[in-house]
Amino acid sequence: MTARRASIVVIVLAAVLALAVSGPAVSQTPKSGGTLNITQREDLPQGFAVHETGTISTSWPAMPCLNNLVFFDPLKKVESLDTVIGELAEKWSWQDNYRNLVFFLRKGVKWHDGQPFTSKDVKFTFDMLREAPDAQGKLRINPRKDWYTNIQNVEAPDPHTAIFHLKKPQPSLLLMLASGYSPVYAAHVPPAAYRTGCVGTGPFKLKEWRKGEFVEFVKNPDYFVKGRPYLDGLKYIVIVERGTRTAALQAGKVDVAFPGETTKTTAEQLKKAVPQLVVTPYSQNVNDNIIMNVKKPPFDNLKVRLAVSHAIDRRALVQAVQQGGAVIGASMAPKPHGVFGLLEKDLIALPGYGKPAEEKDRARKLLAEAGISPQKPLKVEMVTRAIAVYVDMASFVINELKQVGIEATLKQVETAQWHPMATRGEYQIGANLTGIGPDDPDANFFENYGCGSPRNYSAYCNEEIGKLIDAQSQELDARKRMQLVWDIQKKIEAEASRPILDWKLDYFTVWPHVKNLIPHQSIYNFGRMQEVWIDK
Amino acid sequence: MKTYIAQRLAIAVLTLFGMSVVIFVLLRLAPGDIVDILFASAGYVNAAEKQAILKDLGMDRPYWAQYVSWITQILTGDLGKSYRYDLPAWQIIKPLVPVTIELALLSLVFAVVLGVPTGVISAVRQDTTLDYVLRVISLSGLSMPSFWLAMVIILGCVTWFGWIPPLTYVSPFENFKLHVIQFVLPALAVGYRSSALIMRITRSSLLEVMREDYIRTAWAKGQNGRVVIWRHALKNAILPVVTVIGIEFAFLIGGLVVTETVFNLPGVARFLVQAILWRDYPVVQNLVMFIAIVVILSNLIVDMLYGVLDPRVRYGS
Numbered sequence: 001m002t003a004r005r006a007s008i009v010v011i012v013l014a015a016v017l018a019l020a021v022s023g024p025a026v027s028q029t030p031k032s033g034g035t036l037n038i039t040q041r042e043d044l045p046q047g048f049a050v051h052e053t054g055t056i057s058t059s060w061p062a063m064p065c066l067n068n069l070v071f072f073d074p075l076k077k078v079e080s081l082d083t084v085i086g087e088l089a090e091k092w093s094w095q096d097n098y099r100n101l102v103f104f105l106r107k108g109v110k111w112h113d114g115q116p117f118t119s120k121d122v123k124f125t126f127d128m129l130r131e132a133p134d135a136q137g138k139l140r141i142n143p144r145k146d147w148y149t150n151i152q153n154v155e156a157p158d159p160h161t162a163i164f165h166l167k168k169p170q171p172s173l174l175l176m177l178a179s180g181y182s183p184v185y186a187a188h189v190p191p192a193a194y195r196t197g198c199v200g201t202g203p204f205k206l207k208e209w210r211k212g213e214f215v216e217f218v219k220n221p222d223y224f225v226k227g228r229p230y231l232d233g234l235k236y237i238v239i240v241e242r243g244t245r246t247a248a249l250q251a252g253k254v255d256v257a258f259p260g261e262t263t264k265t266t267a268e269q270l271k272k273a274v275p276q277l278v279v280t281p282y283s284q285n286v287n288d289n290i291i292m293n294v295k296k297p298p299f300d301n302l303k304v305r306l307a308v309s310h311a312i313d314r315r316a317l318v319q320a321v322q323q324g325g326a327v328i329g330a331s332m333a334p335k336p337h338g339v340f341g342l343l344e345k346d347l348i349a350l351p352g353y354g355k356p357a358e359e360k361d362r363a364r365k366l367l368a369e370a371g372i373s374p375q376k377p378l379k380v381e382m383v384t385r386a387i388a389v390y391v392d393m394a395s396f397v398i399n400e401l402k403q404v405g406i407e408a409t410l411k412q413v414e415t416a417q418w419h420p421m422a423t424r425g426e427y428q429i430g431a432n433l434t435g436i437g438p439d440d441p442d443a444n445f446f447e448n449y450g451c452g453s454p455r456n457y458s459a460y461c462n463e464e465i466g467k468l469i470d471a472q473s474q475e476l477d478a479r480k481r482m483q484l485v486w487d488i489q490k491k492i493e494a495e496a497s498r499p500i501l502d503w504k505l506d507y508f509t510v511w512p513h514v515k516n517l518i519p520h521q522s523i524y525n526f527g528r529m530q531e532v533w534i535d536k
Numbered sequence: 001m002k003t004y005i006a007q008r009l010a011i012a013v014l015t016l017f018g019m020s021v022v023i024f025v026l027l028r029l030a031p032g033d034i035v036d037i038l039f040a041s042a043g044y045v046n047a048a049e050k051q052a053i054l055k056d057l058g059m060d061r062p063y064w065a066q067y068v069s070w071i072t073q074i075l076t077g078d079l080g081k082s083y084r085y086d087l088p089a090w091q092i093i094k095p096l097v098p099v100t101i102e103l104a105l106l107s108l109v110f111a112v113v114l115g116v117p118t119g120v121i122s123a124v125r126q127d128t129t130l131d132y133v134l135r136v137i138s139l140s141g142l143s144m145p146s147f148w149l150a151m152v153i154i155l156g157c158v159t160w161f162g163w164i165p166p167l168t169y170v171s172p173f174e175n176f177k178l179h180v181i182q183f184v185l186p187a188l189a190v191g192y193r194s195s196a197l198i199m200r201i202t203r204s205s206l207l208e209v210m211r212e213d214y215i216r217t218a219w220a221k222g223q224n225g226r227v228v229i230w231r232h233a234l235k236n237a238i239l240p241v242v243t244v245i246g247i248e249f250a251f252l253i254g255g256l257v258v259t260e261t262v263f264n265l266p267g268v269a270r271f272l273v274q275a276i277l278w279r280d281y282p283v284v285q286n287l288v289m290f291i292a293i294v295v296i297l298s299n300l301i302v303d304m305l306y307g308v309l310d311p312r313v314r315y316g317s
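Those protein sequence lines, which keep their order, are chains X and G. Following this note's numbering, the numbering of the first sequence begins with 1 at its first residue and continues without gaps. Following this note's numbering, the numbering of the second sequence begins with 1 at its first residue and continues without gaps.
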């Protein structure tokens, strides 16, 4: 063999070898098997009782066990009406000009205990949630009752059909039904039993919950979606200490971070240590905001509230407190992270979004008009939760307010006292965080700005805005609805009862072998794990 | 001896009664309760719903009635029901106890194995370079918080070896090697601090004894150095060291919070903090009582040991 021939043979062999090695790596055909280890930041506060809590510490590990009627497509990043897919409902149909929502349920679906799933379960769940007088089940705490106030009646004409009769048209009801907070409970299981166990129809069955240690699930072999889930099991490992959580991810002891827990700085450190880690920045659908009690002086005065809003430099807050890990926006998550965010040109016209020096001058003028001057400064007490993310933000705001003549002292309130205090309005001004389930105005506006809503901490009530909120909820034309939502956001910021400061980003980190776990624009809605597979 | 033990146990019962009152009152003085926390996680408050849950948990009753029912439950061997988990408190507490006891004992073993010999060497080689080095090491142990050391160990493992100890409890019957690895590192982190304390006490106590006449006599008689130090000096210097070891063990049972948290070990101390944050009264009260019992018993054992180690100590009839 000549030298030339020999070299050709070597090259061909090398090419074949390279193809053989690289072949499986480029293949994206899902593989079955394996157990995914997932970080859990604290033990499950209420077990699997998703309907009795508002924390992702419960909903994230409970999601694989349960199903909704409809759900946000786990493979699509953006949640909207277009990405809603059927789960327990095979299909659905709006009737009577969006007054009746008919769900055609899947047949042959079984609960994890073997009982058949029927429309009775749907009626049981949503009668319980809306607290119907004849509801068969009762929750001890019902945080999302407001989501379902428009449902007049839930009918179950046959085992595979459920009809939601609405008081008035509400196309976006579908988005709330698609949230991770809207699973269907089993009618034959007492709601309280979900605090200690989980009987669902979901892709994974609960194997063991070792308190304070881990929650383990195994594949549901009877799952109604053929070929799913891909994984044999899931293990949510409780790691309370943040440093240990990061170390565990870095060492590969866990495959997936906890949603909403990886800051930009941590992600950068992790990426530096393990370059192959996959980091995806996305909106948590959680905002920093200032709550001002409009029922009490001095914040019953619009000029004082506006002065506060003008005084706070949002961009500086994002850089100084969030280390760049947040974006500015009004009361709906800003684009491109959210669907309903204001356009840039509208945003910069709002109080507090212009040039910092000019904004502070404007704040001083407003305060002067309200009789407040550097010689006669306004003294207030700013409350916040005794948690680092709250305190850091509050400290920044206090410094900003000082520059315009408002002297605020910080009062840290323990978690146990925070919501009672805010709900009862026993404060003047506060630094607050608000998380929103689905990225939809109905889920946000009714809950946080609706007159009389327990989570409307500012107690702000404006009839005109209320009518606009109702109008957008009933609007069938998507463009008109968007315009209404933009108008509402501008009006809310102009009234400055709850100025939004920024929207937090999470830097969701997973190992590269974790496939199809795609974060959405809300941390609450992508934890079903049905499509996730491991490429090892 | 029996009378002495009986007297001590009688005093222990009184102490436990006092402890039960203190922990019961302190918990009620802390702002908020489990229902506030539940509503906090839901993000709102409803007075009527709150009242219903308080009633359901028996927390709407007067404090004295709650206290009496708790004590009655303990006396009948029933530890009540965890508010947070809706399960019997004993079911929650039971798996935590062996983890903490094992970690505390292992830490103590490390502390004694490291602390006593280095203390002796430091005393015998007083004011030499070796003495100074050992004193610096012991001072570092006292100055370094164990949680910091624990975190440094974790970060060191992950940075240099790309590895960290198991994150969930590994039973010795399941995998003995992994079980040992899981406990050795946290025990070292905690044991180092305790060993520093034991070393300093051993050194100062031994130095004091070595200045006694009988030691000088032993040296003058030409006895072997090892015999003088280990048989004559250390035996008489060990009493304060035993006292410190007893105190350290009692401290470790309740004081392993951060180490258990950093190493993610499901022990009593870590769980206690979570239970306090959740105002899970039945779990907190019973865990504190458990810690109190361990402290009392370890003190009693140390007092008994005095008699074994020092023939001059006699217990009154």
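Any given hint might turn out to be false.
[As the list claims (entries may be wrong)] Taking lysine to any residue and the SDA-like style, the derived pairs with C-alpha atoms no more than 20 angstroms apart in a straight line are:
id, chain 1, residue 1, chain 2, residue 2
1, G, Lys55, X, Ala192
2, X, Lys207, G, Glu174
3, X, Lys235, G, Ser171
4, G, Lys50, X, Pro454
5, X, Lys272, G, Thr159
6, X, Lys402, X, Pro454
7, G, Lys2, G, Pro266
8, G, Lys50, X, Ala192
9, X, Lys138, G, Ser41
10, X, Lys235, G, Lys2
11, X, Lys235, G, Ala52
12, G, Lys94, G, Pro266
13, X, Lys271, G, Ala52
14, X, Lys235, G, Lys55
15, X, Lys107, X, Gly86
16, G, Lys50, X, Asn142
17, X, Lys207, X, Leu174
18, X, Lys145, X, Glu155
19, X, Lys235, X, His112
20, G, Lys81, X, Ala192
21, G, Lys50, X, Glu155
22, X, Lys91, X, Asp158
23, X, Lys379, X, Phe396
24, X, Lys138, G, Lys2
25, X, Lys145, G, Ile296
26, G, Lys55, X, Lys207
27, G, Lys81, X, Lys272
28, X, Lys515, X, Tyr98
29, X, Lys271, G, Lys55
30, X, Lys207, G, Val170
31, X, Lys207, G, Ser171
32, X, Lys167, X, Glu475
33, X, Lys272, G, Trp163
34, G, Lys50, X, Met421
[What the hints assert, rightly or not] In silico negatives: residues of chain X with every beta carbon more than 10 angstroms from chain G:
id, residue
35, Gln46
36, Glu52
37, Trp94
38, Asn153
39, Arg195
40, Glu213
By construction, these hints were calculated from the structure, which means they are not laboratory data. Note that the coordinates shown come from a computational prediction; the quantities given were computed from them, not determined experimentally. Ideal Cβ positions, reconstructed from N, Cα and C, are used throughout, including at glycine.
Evaluated hints:
1. For the suggested pair Lys55 of chain G and Ala192 of chain X, the alpha carbons sit about 16 angstroms apart, so the restraint of at most 20 angstroms is met.
2. About 18 angstroms separates the Cα atoms of Lys207 of chain X and Glu174 of chain G, which keeps this hinted pair within 20 angstroms; it holds.
3. Distance hint between Lys235 of chain X and Ser171 of chain G is fulfilled; the C-alpha atoms sit about 18 angstroms from each other, no more than 20 angstroms.
4. For the given pair, Lys50 of chain G sits about 14 angstroms from Pro454 of chain X by alpha-carbon distance, which is consistent with the 20 angstroms threshold.
5. With a C-alpha separation of about 11 angstroms, the suggested pairing of Lys272 of chain X with Thr159 of chain G holds against the 20 angstroms cut-off.
6. A hinted pair counts as satisfied when its Cα atoms are at most 20 angstroms apart, and Lys402 of chain X with Pro454 of chain X does not qualify at roughly 31 angstroms.
7. In summary, the hint linking Lys2 of chain G to Pro266 of chain G is not supported, as the alpha carbons are separated by about 38 angstroms, beyond the 20 angstroms threshold.
8. For a cut-off of 20 angstroms, the pair hint linking Lys50 of chain G to Ala192 of chain X stands: about 16 angstroms separates their Cα positions.
9. The hinted pair formed by Lys138 of chain X and Ser41 of chain G meets the criterion: a straight-line CA distance of about 18 angstroms does not exceed 20 angstroms.
10. Of the supplied pair hints, the one linking Lys235 of chain X and Lys2 of chain G is violated, its CA atoms being roughly 52 angstroms apart against a limit of 20 angstroms.
11. Only pairs whose Cα atoms come within 20 angstroms are accepted, and Lys235 of chain X paired with Ala52 of chain G is rejected, the gap being roughly 35 angstroms.
12. Of the pairs offered as hints, the one joining Lys94 of chain G and Pro266 of chain G holds, with about 11 angstroms between alpha carbons and a cut-off of 20 angstroms not exceeded.
13. In summary, the hint linking Lys271 of chain X to Ala52 of chain G is not supported, as the alpha carbons are separated by about 49 angstroms, beyond the 20 angstroms threshold.
14. This hinted pair does not check out: Lys235 of chain X and Lys55 of chain G have alpha carbons roughly 36 angstroms apart, beyond 20 angstroms.
15. A C-alpha spacing of about 13 angstroms is found between Lys107 of chain X and Gly86 of chain X, which places the hinted pair at or below 20 angstroms, so the restraint holds.
16. This hinted pair checks out: Lys50 of chain G and Asn142 of chain X have alpha carbons roughly 11 angstroms apart, not beyond 20 angstroms.
17. Under the criterion of a C-alpha separation no larger than 20 angstroms, the hint pairing Lys207 of chain X with Leu174 of chain X is inconsistent with the structure, at around 32 angstroms.
18. Straight-line distance between C-alpha atoms of Lys145 of chain X and Glu155 of chain X comes to about 18 angstroms, which keeps the hinted pair within the 20 angstroms bound.
19. Distance check on the hinted pair: Lys235 of chain X and His112 of chain X sit about 18 angstroms apart at the alpha-carbon level, within 20 angstroms; holds.
20. With a C-alpha separation of about 15 angstroms, the suggested pairing of Lys81 of chain G with Ala192 of chain X holds against the 20 angstroms cut-off.
21. Using a Cα cut-off of 20 angstroms, the hinted pair Lys50 of chain G and Glu155 of chain X is violated, with the two alpha carbons roughly 31 angstroms apart.
22. The hinted pair formed by Lys91 of chain X and Asp158 of chain X meets the criterion: a straight-line CA distance of about 15 angstroms does not exceed 20 angstroms.
23. In summary, the hint linking Lys379 of chain X to Phe396 of chain X is supported, as the alpha carbons are separated by about 17 angstroms, within the 20 angstroms threshold.
24. The suggested pairing of Lys138 of chain X with Lys2 of chain G is violated, with an alpha-carbon distance near 59 angstroms, which exceeds 20 angstroms.
25. For the given pair, Lys145 of chain X sits about 51 angstroms from Ile296 of chain G by alpha-carbon distance, which is inconsistent with the 20 angstroms threshold.
26. Using a Cα cut-off of 20 angstroms, the hinted pair Lys55 of chain G and Lys207 of chain X is violated, with the two alpha carbons roughly 32 angstroms apart.
27. Taken as a hint, the Lys81 of chain G and Lys272 of chain X pair is broken in the structure, with Cα atoms around 47 angstroms apart against an allowance of 20 angstroms.
28. Our distance criterion of 20 angstroms between C-alpha atoms is broken by Lys515 of chain X and Tyr98 of chain X, whose separation comes to about 37 angstroms.
29. Distance check on the hinted pair: Lys271 of chain X and Lys55 of chain G sit about 51 angstroms apart at the alpha-carbon level, beyond 20 angstroms; violated.
30. For the suggested pair Lys207 of chain X and Val170 of chain G, the alpha carbons sit about 18 angstroms apart, so the restraint of at most 20 angstroms is met.
31. In summary, the hint linking Lys207 of chain X to Ser171 of chain G is supported, as the alpha carbons are separated by about 18 angstroms, within the 20 angstroms threshold.
32. With a C-alpha separation of about 14 angstroms, the suggested pairing of Lys167 of chain X with Glu475 of chain X holds against the 20 angstroms cut-off.
33. As the CA atoms of Lys272 of chain X and Trp163 of chain G are separated by approximately 17 angstroms, the hinted pair is consistent with the 20 angstroms bound.
34. Annotation: proposed proximity of Lys50 of chain G to Met421 of chain X holds, straight-line Cα distance about 14 angstroms (limit 20 angstroms).
35. The beta carbon of Gln46 of chain X sits about 7 angstroms from the closest Cβ of chain G, which is not more than 10 angstroms, so the claim that it is off the interface is violated.
36. A beta-carbon of chain G is positioned within 10 angstroms of the beta-carbon of Glu52 of chain X; the least distance is around 7 angstroms.
37. Distance to chain G confirms Trp94 of chain X as a non-interface residue, since its nearest Cβ pair spans about 30 angstroms, more than 10 angstroms.
38. The beta carbon of Asn153 of chain X is kept farther than 10 angstroms from every beta carbon of chain G, the shortest such distance being approximately 24 angstroms.
39. Interface exclusion of Arg195 of chain X from chain G breaks down, the closest Cβ pair being 5 angstroms apart, not more than 10 angstroms.
40. Look at Glu213 of chain X: its CB is around 5 angstroms from the nearest CB on chain G, not clear of 10 angstroms, so calling it non-interface is violated.
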